[in-house]
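Visitor: Residue numbers 243 to 326, in the numbering used here, belong to the letters of the sequence shown in order.
Simulated from the structure, these hints should not be mistaken for lab results.
Any given hint might turn out to be false.
Said to hold, decoys possible - Estimated spans, in silico, between C-beta atoms of each pair:
#1 Ser288 with Phe260: 13 to 21 Å
#2 Ala270 with Arg250: 28 to 36 Å
#3 Asp289 with Asp261: 28 to 36 Å
#4 Ile246 with Arg315: 18 to 26 Å
#5 Asn278 with Leu300: 14 to 22 Å
#6 Ala313 with Phe245: 13 to 21 Å
#7 Gly303 with Ser254: 26 to 34 Å
#8 Ser288 with Ile246: 13 to 21 Å
Unchecked claim - DSSO-like cross-link-like pairs, simulated, lysine-lysine; straight-line CA separation at most 30 Å:
#9 Lys274 with Lys256
#10 Lys287 with Lys323
#11 Lys274 with Lys323
#12 Lys323 with Lys253
#13 Lys257 with Lys274
#14 Lys253 with Lys274
#15 Lys323 with Lys256
#16 Lys314 with Lys298
#17 Lys274 with Lys298
#18 Lys257 with Lys314
#19 Lys323 with Lys295
#20 Lys253 with Lys314
#21 Lys287 with Lys274
#22 Lys314 with Lys274
#23 Lys323 with Lys257
#24 Lys314 with Lys256
#25 Lys287 with Lys314
#26 Lys323 with Lys298
#27 Lys295 with Lys274
#28 Lys287 with Lys253
#29 Lys295 with Lys314
#30 Lys287 with Lys298
A virtual CB, placed ideally from N, CA and C, is assigned to each residue, including glycine.
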Amino acid sequence: MGFIVTERLIKSGKKIPFDKSEQVSDIAAGEKLIRNMCASCSFYKSDCDFILKEGKALPCGGFILLECLIAKRIVTIDYIKNII
243 MGFIVTERLI
253 KSGKKIPFDK
263 SEQVSDIAAG
273 EKLIRNMCAS
283 CSFYKSDCDF
293 ILKEGKALPC
303 GGFILLECLI
313 AKRIVTIDYI
323 KNII
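Produce the complete structure using the sequences and hints provided.
Guide: Now the structure itself:
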């Protein structure tokens with residue numbers, strides 16, 4: 243789902259920086275992503291290690307990128323919800 247959202251952001255003309263970020267994880271943004279994006283992902287219920295292991299496994303790359311974009315205030319969770 244993270245890839246699909248990122249792809250739609252790019253197609254809509256949103257500038258997405260792909261440079262390495264020194265930003266640490268934003269717990270609040272991560273929780274919002276889990277509730278609003280992850281729950282609609284086809285891997286969520288049975289194939290997502292991040293969800294199944296309750297955060298003890300790494301999230302997917304799309305999740306990491308979107309969490310960074312939210313933390314940098316490039317997109318908002320509402321913007322992402324509208325894309326889904």
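Visitor: Kindly indicate which numbered hints from before are broken by the structure, ordering the numbers from low to high.
Guide: 1, 2, 7
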